[in-house]
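Knowing the structure of chain Y, use the given hints to seat chain D on it.
Protein chains in written order, with numbering that gives the first Met the number 0: chain Y, 0 to 139; chain D, 0 to 143.
Rather than coming from a laboratory, the hints here were simulated on the basis of the structure.
Label-pair distances were calculated between CB atoms; the ranges are:
(1) D:Ser85 with Y:Glu90: 33 to 43 Å
(2) D:Glu24 with Y:His64: 22 to 32 Å
(3) Y:Pro99 with D:Ala36: 36 to 46 Å
(4) Y:Gly39 with D:Glu130: 17 to 27 Å
(5) Y:Glu113 with D:Glu115: 30 to 40 Å
(6) D:Gly27 with Y:Pro99: 34 to 44 Å
Computed cross-link-like contacts, SDA-like style, restricted to lysine to any residue with a CA-CA straight-line distance of at most 20 Å:
(7) Y:Lys96 with D:Gly58
(8) Y:Lys37 with Y:Gln84
(9) Y:Lys37 with D:Arg133
(10) D:Lys50 with D:Thr64
(11) Y:Lys36 with D:Glu130
(12) Y:Lys96 with D:Arg61
(13) D:Lys28 with Y:Leu114
(14) Y:Lys96 with Y:Gly39
(15) D:Lys72 with D:Gly15
(16) D:Lys72 with D:Gly44
(17) Y:Lys96 with Y:Leu35
(18) D:Lys7 with Y:Val65
(19) Y:Lys62 with D:Arg95
(20) D:Lys50 with Y:Ser87
(21) D:Lys72 with D:Arg53
(22) D:Lys72 with D:Ser49
(23) D:Lys141 with Y:Leu35
(24) D:Lys94 with Y:Phe58
(25) D:Lys72 with D:Asn101
For each residue, glycine too, the CB sits at the ideal point set by N, CA and C.
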Amino acid sequence: MRFMMLMIPKGYESAAPDAMPSAEAVAAMMKYNESLKKAGVLLALDGLHPPSTGARVTFPDGKPHVTDGPFAEVKEVLGGYWMIQVRSREEAIEWAKRCPASSNETIEIRQVQELADFPPDVRKAAAGYAEMQPHARKAS
Amino acid sequence: MRFMIIIKATPTSEAGAMPDRALLEAMGKFNEELVAAGIMLAGEGLQSSSKGARVHFSGNKRTVTDGPFAETKELIAGFWIWQCKSKEEALEWVKRCPNPFNEESEIEVRQVFELEDFGSEISPELRESEERLRAELESRQKKA
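Here chain Y stands alone, though its shape is the one from the complex (with noise of 0.2 Å):
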């Protein structure tokens, strides 16, 4: 199974365009990369730019509108990810509650939908999707 791990660091949302974590947050963090990489869990991992130097989208009538970033009334948002192969959501959980986080930060756990996941009708409509990912990786 896939699991998302999704990094929400409190006070992101408010960060400076050109925030960026420490060097020994970096150093930490990669420790714990080479970590869940020598398990054979991990499949791929980035970070985020903070918010105030993105934007969001919203069709309100159908319509897209932007908004730059930002966001005012946001209380979470994401720092970056981890998608790992592992066995079960405790797993998942395990792995995470591994991860040299600081205070304030949470790491929320996501299962990954697989094609298996959905009725047949669904799978026929969405056949050669896997094929389209230059990057992705076959479920197992």
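Positioned in the frame of chain Y, the structure of chain D alone reads:
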């Protein structure tokens, strides 16, 4: 530059409802356009937060909370990773995306950190191990 295109959750997605055929077809067509333009690197949907969990960190303490989580509008239903020339290009593509749900929905565009964004902040050793990690992940994906 790479962007993460985040499809925010809605009451429908959190209820675990399946998209209808018309929406599936529209999304399939959009995905094909992304591939043809060489933009799409990855894309996944997530199961509803009711099946998820959160680990909160405070000093040495870790607190696990089972889903569902209350702030539906801030939750994530799915995402793409795109390769674009600029944020503007990413936004142009998002504007052409079919409304992902048959209700009010929201898509967030966020730039992904690349090694060069860190400049001299990162030591040569760290840079090397990060590059090695990425190269290994990529070769594993190709084998999969």
